[in-house]
Amino acid sequence: GQQLNQSPQSMFIQEGEDVSMNCTSSSIFNTWLWYKQDPGEGPVLLIALYKAGELTSNGRLTAQFGITRKDSFLNISASIPSDVGIYFCAGQDSNYQLIWGAGTKLII
Amino acid sequence: GAGVSQSPRYKVAKRGQDVALRCDPISGHVSLFWYQQALGQGPEFLTYFQNEAQLDKSGLPSDRFFAERPEGSVSTLKIQRTQQEDSAVYLCASSAKIYEQYFGPGTRLTVT
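Residue numbers (my numbering), protein chains in the order written: chain A, 4 to 111; chain L, 7 to 118.
Isolated chain L (complex conformation) (with noise of 0.2 Å):
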């Protein structure tokens, strides 16, 4: 397909474990963001790759959180020793242009 995609769609973890969520950008894109979208809120910044690069990781909320893109196309965000505050909707976003992101459909995170 053409647009970003992203698996799993949705997610179910206990507390505790560890999930691995993946990030299918369009091809060709430089850029990759990853975003966290609580219910009824906007998307909040998590992560942002330049080709295999992680140029900025300030938005990961604690070191459990670990994003990577090795060979600067699909990434993957994890998440060790998953907690309830880590339930929502995890976004990604590719572009080739910075000010034009365009979305995945989320996978949506519920730590039970």
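Excised from the complex, chain A in its bound form (with noise of 0.2 Å):
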């Protein structure tokens, strides 16, 4: 079945540094998303990408969908304390579930 792979399984930083993660997928997908989860919270969704090659960004965020649609990366720039938390990735292809990554936590 499909799977995504999210890297790093957890990153510990100093607060105001550029942090990167990403996901990558056996198979293609038509969107992706990024969500946020806080301890005791259901996830936030942060971006959503919905054409290869897009590039998008909600404040210190930027996340970008993959030419190869295979692929997807976050960035978040001067990281904050609030930005602890558990973060997602997930695909959907031409159905409507989500396939979700493991998660990376960060922790500053």
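Take these hints with a grain of salt, some might be off.
With a cut-off of at most 25 Å between alpha-carbon atoms, the simulated DSS-like pairs for lysine-lysine come out as follows [as the list claims (entries may be wrong)]:
{"hint": "1", "chain 1": "L", "residue 1": "LYS17", "chain 2": "L", "residue 2": "LYS84"}
{"hint": "2", "chain 1": "A", "residue 1": "LYS54", "chain 2": "L", "residue 2": "LYS103"}
{"hint": "3", "chain 1": "L", "residue 1": "LYS103", "chain 2": "A", "residue 2": "LYS73"}
{"hint": "4", "chain 1": "L", "residue 1": "LYS84", "chain 2": "L", "residue 2": "LYS20"}
{"hint": "5", "chain 1": "A", "residue 1": "LYS73", "chain 2": "A", "residue 2": "LYS54"}
{"hint": "6", "chain 1": "L", "residue 1": "LYS103", "chain 2": "L", "residue 2": "LYS63"}
Derived DEER-like restraints, expressed as beta-carbon distance ranges [what the hints assert, rightly or not]:
{"hint": "7", "chain 1": "L", "residue 1": "GLN47", "chain 2": "A", "residue 2": "ILE16", "range": "19 to 27 Å"}
{"hint": "8", "chain 1": "L", "residue 1": "ASP69", "chain 2": "A", "residue 2": "PRO42", "range": "27 to 35 Å"}
{"hint": "9", "chain 1": "A", "residue 1": "SER23", "chain 2": "L", "residue 2": "PHE72", "range": "41 to 49 Å"}
{"hint": "10", "chain 1": "L", "residue 1": "GLN56", "chain 2": "A", "residue 2": "GLU18", "range": "42 to 50 Å"}
{"hint": "11", "chain 1": "A", "residue 1": "ALA55", "chain 2": "L", "residue 2": "LYS20", "range": "44 to 52 Å"}
{"hint": "12", "chain 1": "A", "residue 1": "ASP21", "chain 2": "L", "residue 2": "THR82", "range": "42 to 50 Å"}
{"hint": "13", "chain 1": "A", "residue 1": "ALA55", "chain 2": "L", "residue 2": "ASP24", "range": "45 to 53 Å"}
{"hint": "14", "chain 1": "L", "residue 1": "GLY78", "chain 2": "A", "residue 2": "SER13", "range": "36 to 44 Å"}
If you're looking for bench data, these hints aren't it; they were derived computationally from the structure. Since we're looking at a predicted model, the values are computed, not measured. Using N, Cα and C, we set each Cβ at its ideal position, and we do this for glycine too.
Put the complex together from the two separate chains, hints included.
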């Protein structure tokens, strides 16, 4: 079945540093989504990407939909303490189901 | 409120008990999804509604799991004869666009 490989699994960074994480897939997706989940809460949608090559920003967050449609990355610039949490990528093909990565835990 | 709400937030059930988890989606959202999330994992799809129609229940782990959305708004996920392996966080999401799903805070179910 479809799988998403998300890396790194966790990151220890200093406040103010830039952060980068990525997801790769064995198959093509039509949509990539990036979510952040805080403890005891549901995932919150950060960025949605719909076109191959698309680069989208949301404040200090920037995400790109890979040209091959099999990968995506998320960058966070100038990290702050409230960036702590687990970041998930999720891909969607022609179906409505989301395929999720295992998450990247950000620790500052 | 403007977001997806779920109740209860926490539920402790003895093995064998039935439980019902409620989801109030964002008003006007046609699509509603239920997910199960184990500790340290991403959410796993359970079932999908478009209005009141349950279009996909392929992710429900057993026939002890049942979901309904009779009026196309509020949804209930029911688990009969709970087992310890049912312990997880149950997340509800709704969307106006299929691709942008907005999640509730989840219900943490613990089966003892």
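Structure-based check of each hint:
1. L:LYS17 with L:LYS84: Between LYS17 of chain L and LYS84 of chain L the Cα gap is close to 13 Å, so the pair holds against 25 Å.
2. A:LYS54 with L:LYS103: The given pair, whose Cα atoms are some 16 Å apart, holds under the 25 Å limit.
3. L:LYS103 with A:LYS73: Holds, because 22 Å separates the two Cα atoms, which is no more than 25 Å.
4. L:LYS84 with L:LYS20: Judged against 25 Å, a Cα distance of about 15 Å means the pair holds.
5. A:LYS73 with A:LYS54: Holds, because 12 Å separates the two Cα atoms, which is no more than 25 Å.
6. L:LYS103 with L:LYS63: holds, 20 Å
7. L:GLN47 with A:ILE16: 19 to 27 Å: Distance hint for GLN47 of chain L, ILE16 of chain A holds at roughly 23 Å.
8. L:ASP69 with A:PRO42: 27 to 35 Å: holds, 33 Å
9. A:SER23 with L:PHE72: 41 to 49 Å: holds, 43 Å
10. L:GLN56 with A:GLU18: 42 to 50 Å: holds, 44 Å
11. A:ALA55 with L:LYS20: 44 to 52 Å: For ALA55 of chain A and LYS20 of chain L the Cβ distance comes to about 51 Å; the hint holds.
12. A:ASP21 with L:THR82: 42 to 50 Å: Cβ of ASP21 of chain A to Cβ of THR82 of chain L: about 44 Å, so the range 42 to 50 Å holds.
13. A:ALA55 with L:ASP24: 45 to 53 Å: For ALA55 of chain A and ASP24 of chain L the Cβ distance comes to about 47 Å; the hint holds.
14. L:GLY78 with A:SER13: 36 to 44 Å: Between GLY78 of chain L and SER13 of chain A, where Cβ atoms are some 41 Å apart, the hint holds.
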